[in-house]
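J.: What follows is each chain in one-letter form.
There are 2 protein chains.
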Amino acid sequence: MHHLVNRRDLDFLLYECLHAEQLCERERYESHDKDTFEAILDTAYRLAKDVFAPHAEKSDHNEPHFDGTTVTIIPEIKEALNAYHEAGLSLAHWDESHGGMQLPWVIVQACTGMFMAANAPTAAYPFLTTAAANLLGAFGSEEQKQTYLPPMLDGRFFGTMCLSEPDVGSSLGDLTTRAEPVGDGTYRITGQKMWISGGEHNLSDNIIHMVLARLPDAPPGTKGISLFVVPKRRVNSDGSLGDLNNVTLAGLNHKMGYRGTINTLLHFGEHGDCLGTMVGEPNKGLRAMFHMMNEARIGVGYGAVMMGYAGYLHSLEYAKERPQGRLPGQKDPTQPQVKLIEHADVKRMLLAQKSYVEGGLALCLYAAHLVDEQHSHPEESVRKEAGTLLDILTPICKAWPSDYCLKANDLAIQVLGGAGYTRDYPVERYYRDNRLNPIHEGTNGIQGLDLLGRKAMQNQGEALQLLLQKMQETIGQASAHDELNEFAKALGKACERAGQTTMTLAGAAMQGNISLFLANATVYLNMMGHIVMAWTWLWQALQAIQQLAQANEHDKPFYQGKLQACQYFYRWELPQIYPQADLLESLDDTCLNMETACF
Amino acid sequence: MHHLVNRRDLDFLLYECLHAEQLCERERYESHDKDTFEAILDTAYRLAKDVFAPHAEKSDHNEPHFDGTTVTIIPEIKEALNAYHEAGLSLAHWDESHGGMQLPWVIVQACTGMFMAANAPTAAYPFLTTAAANLLGAFGSEEQKQTYLPPMLDGRFFGTMCLSEPDVGSSLGDLTTRAEPVGDGTYRITGQKMWISGGEHNLSDNIIHMVLARLPDAPPGTKGISLFVVPKRRVNSDGSLGDLNNVTLAGLNHKMGYRGTINTLLHFGEHGDCLGTMVGEPNKGLRAMFHMMNEARIGVGYGAVMMGYAGYLHSLEYAKERPQGRLPGQKDPTQPQVKLIEHADVKRMLLAQKSYVEGGLALCLYAAHLVDEQHSHPEESVRKEAGTLLDILTPICKAWPSDYCLKANDLAIQVLGGAGYTRDYPVERYYRDNRLNPIHEGTNGIQGLDLLGRKAMQNQGEALQLLLQKMQETIGQASAHDELNEFAKALGKACERAGQTTMTLAGAAMQGNISLFLANATVYLNMMGHIVMAWTWLWQALQAIQQLAQANEHDKPFYQGKLQACQYFYRWELPQIYPQADLLESLDDTCLNMETACF
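Order-wise, the sequence lines are chains A and B.
Per our numbering: the first sequence = residues 1 to 599.
Per our numbering: the second sequence = residues 1001 to 1599.
Since the hints were derived computationally from the structure, they do not count as laboratory data.
Don't be surprised by glycine CBs; every beta carbon is placed ideally from N, CA and C.
Treat the hints with caution; some may be incorrect.
For lysine-lysine, the following DSS-like pairs were computed, each having C-alpha atoms within a straight-line distance of at most 27 Å [stated by the list, open to error]:
1. A/K331 x B/K1223
2. A/K223 x B/K1339
3. A/K34 x A/K78
4. B/K1145 x B/K1284
5. B/K1470 x B/K1489
6. A/K339 x B/K1223
7. B/K1145 x B/K1058
8. A/K284 x B/K1384
9. B/K1470 x B/K1493
10. B/K1331 x A/K223
11. A/K34 x A/K58
12. A/K493 x B/K1331
13. A/K331 x B/K1331
14. B/K1331 x B/K1320
15. A/K58 x B/K1058
16. B/K1284 x A/K407
Far from chain B by the CB rule (all over 12 Å, computed), these chain A residues [what the hints assert, rightly or not]:
17. R26
18. I74
19. A83
20. M292
21. E317
22. D403
23. D424
24. D482
25. A519
26. S586
27. M594
28. T596
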């Protein structure tokens, strides 16, 4: 049995909380209604469950192999990707003029999540291609778009993102890959790129690398980075494939998890001309890349959520079926054993998972909803506001799920006990796969610096104030319900404290003590993440309590479960922010001042 | 480079904090002095580093294989175990009359730790054998001891512990393996045993299984379990090997980590007579097993510490060598990059690891010191007190390191970033190996029930009061040092709160609400673990500050590092207990009352 997501929960979030069907009132989505949304969700669910999930274990056990000449990848991956493209899923959010379905982003993301729950390593190939295509769509010339977009959208060409180098990870400003103008509008690319997912394979006719490199006269640092599109195989003007372009596979990285996605070290132009064309303006490549980074970072957090969700559902099923022991005070050994789920500590581990993964899903779909608002809301003020909120929520959407939904996978293993530690059950695989997420697309440490050093400070804290104001609106609505009063008050108190903590930190920054200001940014990120998640639970609870009054017997336990998970988050999780706020406000320098020799 | 443990830290704990050399004043250890201790520590270190560590990666990649007839295990494991036995390490704590070295337990454990840091899966074979031998030594008949102990001690026979069954894990009272008296003093064993480490292999001439089973007339539950010694191959009265004893390998468990230790499902007596003899009295097998459980549980926690320690040292070395980026406020891209360790967030991840693993090592060696006090202190009152302390500390020694030193491994991966996620570096292997520790020898959930429901309540809370009194003694000593006053006060406050929380919970128990009393026992365990760890840091800091005054330039950074790690633990970690205490004192029933249908 492959567990992906609770469809009832997805319906709750999409329609009861986020009112996705109302998007169909907008011109862009007028050919859609709830039925077409449901049809594509059904297709995605079926494909994820029947074609992606079944080879996840085999793919994990048989990672891509490179014999020095050829890469071998299990055939099920290509079959699954063919099915994915045939169903048109890679085109779901693209304009009808591109042959796309022109679906709202929140529906596209709901589909995407099913594949990440089923088999994230296989799904990475089309998702990377989408990211590369989006970059070309936004910054490419007409010629670049005409050459590369159609085959990328229909699955003939796959894409990659080539940022890191063997000696350059988080510090992209130090990258050394060079791009020398040939004189005919093309550039000769030389250098090495590391950690390139999908860097080499035979799953597609061609691979389109989006490569960051320096022009010969480029200024040092991040201001001297340009973006190039570099195909594995050159493309003739009629669209037919030409010669190999001297992008060579130097080796594979063998990872703890995410094994189905080939991860490579690539050499560009080592044995002959490797030609690319520039995307966008010279020296503005990093800016272009970061334009797409919100999407990529939210995608990482969302992937973490869905791996957590799949693990949660699996451990829930196991706990419902597996008999083990008796409850305290009922120790008569002649009585039958109770199911695992009857034990309070197992309920704790399940409820924690539920609060992390359902809360994480709510947050990520809310972010997708903001993307829709940003791009298609009729009022400019709403579009702008959505962009501002999305900006400040991005580091939280990336980091919080990658910390806490990994923790959910840890709890799923613990629910299964010894069985969970074996490769006979998928929970250990989710745990290994998910461990990548706090690392890639900017480590969580970098997300902390982004949130505190940039997003929370920009424009006199405009984005943070907007976020706190949004939370106050929910608090106001929740206060009208006696059952939610405890939580509304708790969130109000937390918001107040978040404001106070931010002011204290900003004070240090204004006094010029930038090192101390940023020293504990990861703690700030954790604290803000927990507050945002508490908000996410409050608006879910608000919806649940309103629906509960008229719910049928089938739905009642669902809404009651939402309320109990909200209570769990407010009583067990949210209070953890107070020691964090104390630490932050004390401007503690314990870590900052630790000397290397003292370790 | 294989990192095991900081020998300077080990010296500090053994001699400056625990005064291990003073044990040589006792009759039992009079043939030893600090030089003989150091000689055996050197031997263990060399062997662990040169013979155990080098095949850890190969062993992880080439787990034991069973083709239906024969088990294949990489040859390096047998070579390492031969060297281990040749050095006499399996005999380190045994009496000289058994050919042993008669070393104090704290020195034996210091040696043991090096092997767990180097290659815990290989080390598991002799450690399991020691556990089985200890059980026979304590409860076996003279005949059983004569038959089995000599070949177990010199490495010809290995041992296993057979408790769990396919349908019986945490609830041992439900086990169904049967033992029927043959009439000649032997018993016919039938049943299945699951998760048996070292259950089948050709690393030794014979395998001695310590098996829990039921006599035909046994009462149900835990009161009807007896202990049997069941050899893989029968042993003739002259010590020569006889026929196979019908213990058959039904299959291997394929784990996420700890792969070098073969883990098996065994069938007893399925295809013919499987004969064993009873160890100790009928129906008292579980009691005998639990007599050895303290040791096994502390061993699990200690293993977690040492995997954490090895990972910490590895990430520390990487952070010192790898250049990456620049500090806040020093963004000039033409300046050279700083080392990873210069970044505040990397220091945070290293300091957290240091506080977890050095604190964990201090706790586990303190527990070993208590074992020595319990067994060889000249005064009975001290022996009794040591036993009481050991009893209440056991669930903490098992659970805290298995949670927090696993977290240390998680941080080690994060320090290395993408590299840490690959199998080119050992940190991901430690992370996978360490994930077993919160599960086996009683899940951490069960440790919580043991601590709150049993250890903290026994004899009107005698053990807890003794522990709190010990902490008060350290607080009193630390208060004399201005530099430690902040920490002494904080520990005093935490102890007071722990007492108050325990009283509140005991109140619920006295009112008969056992389910509510125990519902959040895991939180209680976490809270008490953090307080004990804060105490461990306070007595290390106390020693460090005293030594710092007269330390040479080489030692100063070591002692300063201890003080900084103490400060980290008090400012960053200890305050986390207050939301936990609040939750516990509120007798929160959120998890307890969650209905199955609401998940």
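J.: Each hint needs a verdict: does it hold in this structure or not?
T.: Against the structure, the hints:
no. : hint              : result
1   : A/K331 x B/K1223  : holds (12 Å)
2   : A/K223 x B/K1339  : holds (22 Å)
3   : A/K34 x A/K78     : violated (31 Å)
4   : B/K1145 x B/K1284 : holds (19 Å)
5   : B/K1470 x B/K1489 : holds (15 Å)
6   : A/K339 x B/K1223  : holds (22 Å)
7   : B/K1145 x B/K1058 : violated (36 Å)
8   : A/K284 x B/K1384  : violated (73 Å)
9   : B/K1470 x B/K1493 : holds (15 Å)
10  : B/K1331 x A/K223  : holds (12 Å)
11  : A/K34 x A/K58     : violated (36 Å)
12  : A/K493 x B/K1331  : violated (37 Å)
13  : A/K331 x B/K1331  : violated (65 Å)
14  : B/K1331 x B/K1320 : holds (20 Å)
15  : A/K58 x B/K1058   : holds (22 Å)
16  : B/K1284 x A/K407  : violated (39 Å)
17  : R26               : holds (36 Å)
18  : I74               : holds (19 Å)
19  : A83               : holds (29 Å)
20  : M292              : holds (20 Å)
21  : E317              : violated (10 Å)
22  : D403              : violated (10 Å)
23  : D424              : violated (7 Å)
24  : D482              : holds (18 Å)
25  : A519              : violated (4 Å)
26  : S586              : violated (8 Å)
27  : M594              : violated (5 Å)
28  : T596              : violated (5 Å)
Violated hints, listed in ascending order, are 3, 7, 8, 11, 12, 13, 16, 21, 22, 23, 25, 26, 27 and 28; each of the other numbered hints is respected by the structure.
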